[in-house]
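Trainee: These protein sequences, in sequence, are chains A, V and P.
Our numbering numbers the first residue of the first sequence as 357 and each following residue consecutively.
Our numbering numbers the first residue of the second sequence as 12 and each following residue consecutively.
Our numbering numbers the first residue of the third sequence as 142 and each following residue consecutively.
Hints are not guaranteed to be accurate.
[As the list claims (entries may be wrong)] Cβ-to-Cβ under 8 Å is the rule here; a few derived chain V residues that face chain P:
1. Thr227
2. Val271
3. Ile273
4. Cys276
5. Gly295
6. Ser314
7. Leu317
8. Pro318
9. Val321
10. Ser323
11. Arg326
Bear in mind the hints are in silico, worked out from the structure with no lab data behind them.
If you're wondering where the values come from, they're calculated on a predicted model, not measured in any experiment.
Built from N, CA and C at the ideal position, the CB exists for glycine as well.
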Amino acid sequence: MPERLMDIDPAVQNALRELMQEDYPLLLETFSKDAVARLGRLRSSLDTHDWDDFRQTAHSFKGSCGNMGALALHQACEEAECAALVKDVQAAHRSFDKIRQGFQRLAPQLVI
Amino acid sequence: MAVHRPQGLVSDQQSSPLKVLIADDNPTDRMILGRLVARLGHQVFSAENGLEALVQFSAHQPDLVLLDALMPVMDGFEAARRMKLQSGENLIPIIFLTSLTETGALVKCLEAGGDDFLTKPYNPVILQAKIQAFNRMQDMHQTLQDQRDLLSQQHERLLREQELAKIIYDRVAHAGSLDADNVRYVQTAFAMFNGDILLAAYKPSGGMHILLGDFTGHGLSAAIGAMPLAEVFYSMTARGFNLRDILLEANNKLSRILPVGIFCCAVLIEVNPDKGLIEVWNGGLPEVLLLDRHGELLHRVPSTHLPLAVASAERFDPIPVVLPMAPGERLLCWTDGVIESRNQAGEEFGEERLAEFISRYEKHPQAIFDGLLEALEAFHGSPEDDISLLEVVMQPCKAPPATLLHEDVRHLDAQDWQLAYTFRAASIREHNPLPFLIKVLMEVPGLRSHAGRLFTILSELYSNALEHGLLQLDSSLKLDSRGFTRYYLERNRRLAALQDGWVRVVLDHRPDVAGGALTIEMEDSGEGFVEHNATKVHEGYAGRGLALVRALSEDLRFNVKGNKVTVVFVWQLGHTASS
Amino acid sequence: MPIKATLSPDGQELTIKVSGRFDFGAHQDFREAYERGGLTPQRFVVDLNDTDYIDSSALGMLLLLRDHAGGDAADIRIIHCNQNVRKVLSISNFEQLFSIE
Chain A
357 MPERLMDIDP AVQNALRELM QEDYPLLLET FSKDAVARLG RLRSSLDTHD WDDFRQTAHS
417 FKGSCGNMGA LALHQACEEA ECAALVKDVQ AAHRSFDKIR QGFQRLAPQL VI
Chain V
12 MAVHRPQGLV SDQQSSPLKV LIADDNPTDR MILGRLVARL GHQVFSAENG LEALVQFSAH
72 QPDLVLLDAL MPVMDGFEAA RRMKLQSGEN LIPIIFLTSL TETGALVKCL EAGGDDFLTK
132 PYNPVILQAK IQAFNRMQDM HQTLQDQRDL LSQQHERLLR EQELAKIIYD RVAHAGSLDA
192 DNVRYVQTAF AMFNGDILLA AYKPSGGMHI LLGDFTGHGL SAAIGAMPLA EVFYSMTARG
252 FNLRDILLEA NNKLSRILPV GIFCCAVLIE VNPDKGLIEV WNGGLPEVLL LDRHGELLHR
312 VPSTHLPLAV ASAERFDPIP VVLPMAPGER LLCWTDGVIE SRNQAGEEFG EERLAEFISR
372 YEKHPQAIFD GLLEALEAFH GSPEDDISLL EVVMQPCKAP PATLLHEDVR HLDAQDWQLA
432 YTFRAASIRE HNPLPFLIKV LMEVPGLRSH AGRLFTILSE LYSNALEHGL LQLDSSLKLD
492 SRGFTRYYLE RNRRLAALQD GWVRVVLDHR PDVAGGALTI EMEDSGEGFV EHNATKVHEG
552 YAGRGLALVR ALSEDLRFNV KGNKVTVVFV WQLGHTASS
Chain P
142 MPIKATLSPD GQELTIKVSG RFDFGAHQDF REAYERGGLT PQRFVVDLND TDYIDSSALG
202 MLLLLRDHAG GDAADIRIIH CNQNVRKVLS ISNFEQLFSI E
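The shape of chain A in the complex, shown without the other chains:
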């Protein structure tokens, strides 16, 4: 079984904490809010089979996950992107679930 990627890389978070200083909480909040919005969007585009929208949303989410050090989520988003590229409905559903679960695990760790 492939080694599981961590949900959040503490080194990255430390660096972000140092970078954002007193705005660190705001950053976490921004990410969380955006993540919820992304999930909603992914859900609806999956339902309507709007692959372009699904792909773009996953792509953008992937980017911020990477910047936040949310490695497992980052990979899940990439899988979603690929699925959308080939219009693979099954793969798209699977990757969507992974994203949803991944965020559920992560969310509590994003609270100061």
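Got chain A sorted already, so can you dock chains V and P onto it with the hints?
Mentor: Chains V and P in isolation, oriented as in the chain A frame:
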């Protein structure tokens, strides 16, 4: 679009804040990147899609753009393309924000005008390095633009000055005022602009002065020198001054006006059809050639004088060479553009080729002028643009043309008067009294249209008084060309050595009902002439000259001693001089 | 260096040697050769041994040198002239102003 100039960033330490535009549709990424850039000391503007990015771009004119490729509304590619267009020739670097997986999109980024990529997740070290690199590049670009603009301005100014110089020069530098049929010339525009000048003007007595000059320094320098030279030439010729006086004044004037090191190589020619002779002064131009009716070389006049504006007044030698010239004989003259004309291989036309060319035209010398132009064109491969070429053919003697003197504004209307003037040795050595005398005579309005004739009369009488009376020259010397030269050399030598003696001129004008009578008396302190034989008086004493005076006047007689001549000139109202 | 200036040991004579083309491009260097501060030689020598080309701007430079050296009172020799150089100098009759060898 106005240019934004970031302050110079030369050292590795970043020293000046830039304006950075960040366009990314993800708020998290925007926040992180924005903070990274701000921490580096720069000013951040944000946008969440391509359209907003364009708006921010126009509003704030950033120094650097960080652009996410995939954005809603308008993507990064389109935004980049438009930003590049808006920047025009200014360099505003665009760094695309991308993920490694989109390698296919990397090509698209470059095609859209992207200058670099920054991958997510953002690495602060790499970000800083890229920003600095682009900042340095932009500085260089700006410097280049500034220098190019400066050069361009200066070049424009130079072109304008040259155009101005050309306009000034055109008005002055060529023989446009003369349509004589015994003079043919070619002066190309380029030659004129390179400093060649060609002037020609009739003398009051019917001869002609011609000047071919070549200013060093070209362009503006030549334009500066051409005007005073032309002014001296035209005004003094019109007033009857001879070459010597004109040369002295021209050298003085140009020496004063031109900077040291700028000078004018020149040939000055006086054509005197009445006497069948020419005077040639050559200071710095190639040999002037005199050919006979059959194209055979009679004489060369090489450059033996310092060019104009080189020598001080004491050192300057204004004495021309004097040569007889019969009708049909021709003079050829050119500046060094002819000799230095080059063919495709870079060879010069050269003096030898020129000499050989001329010798081929024996039997039909009238074709030399056109033939030479053709030969130069054939040699050069195209029409030569830098030549000045002059041909003067001696015409049969003609009556002098109507007066060309300036009308003096003062109208004293002097009608009934007598003027006596005595010129003593010192004056005679240095000055020519004729222009002064003519000017006096021009105070009589009725005499103005006879200026040419009067000048001829005075000129002849004065020559005789001076050369035969005071200098005691024997005019029989003037029978052949070598004799001519010896005669004039001797004349100048004796004139320079003149210590005693005088010439007295009495001008007496009386008006009558229909016009007036002018009596001219010229007396010299010489011995007169020994022979009183009537025929010998006319031939041996002064040859053709006196015959001419006789033809122009009412009466001519000598005193017993032979050192005083009286001439009466009558004029009538309503009768102007005929040409 | 196309223009080389050498002062005699007693400081009385300055020799300026011109190599290559003696034309407008040499203007600044030629002037500097004699206008350098502290030089007051009585005599000047212009050595054209290595000069293969001379034009009217060079003549102008020689006149400037002559003006600097006292005009009519200047003592300037132009030496080692080849045939072409001599021809250019002679058509403008510069031997009336300079001693040409």
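Trainee: Should the interface hint for Ser323(V) be scored as holding, given a Cβ-Cβ cut-off of 8 Å against chain P?
Mentor: Holds. Min distance 6 Å.
Trainee: Identify whether the interface hint at Val271(V) stands, where standing means a beta carbon of chain P within less than 8 Å of its own.
Mentor: OK, holds: Val271(V) within 8 Å of chain P, min 5 Å.
Trainee: Please check whether Gly295(V) passes as an interface residue: C-beta within 8 Å of a C-beta belonging to chain P.
Mentor: Hint on Gly295(V): holds, closest Cβ of chain P at ~5 Å, below 8 Å.
Trainee: Do the numbers back the hint for Arg326(V), that is, is its least Cβ distance to chain P under 8 Å?
Mentor: Nearest chain P Cβ about 7 Å off; hint holds.
Trainee: Mind checking the CB of Thr227(V) against every CB in chain P and telling me if the closest is under 8 Å?
Mentor: holds, 4 Å
Trainee: Is the hint on Leu317(V) kept, meaning its closest Cβ partner in chain P is under 8 Å away?
Mentor: holds, 5 Å
Trainee: At a threshold of 8 Å, is the proposed contact between Ser314(V) and chain P supported by beta-carbon distances?
Mentor: Because about 5 Å separates Ser314(V) from the closest Cβ in chain P, which is inside the 8 Å limit, the hint holds.
Trainee: Checking hints one by one. Is Val321(V) an interface residue toward chain P, by the C-beta closer than 8 Å rule?
Mentor: holds, 7 Å
Trainee: Hey, does the Pro318(V) contact hint survive, CB to chain P under 8 Å?
Mentor: Since chain P brings a Cβ to about 6 Å from Pro318(V), closer than 8 Å, the hint holds.
Trainee: Min Cβ distance, Cys276(V) to chain P: is it shorter than 8 Å?
Mentor: holds, 6 Å
Trainee: Hint Ile273(V) vs chain P: min CB-CB distance below 8 Å?
Mentor: holds, 6 Å
Checked against the numbered hints given earlier, this structure breaks none of them.
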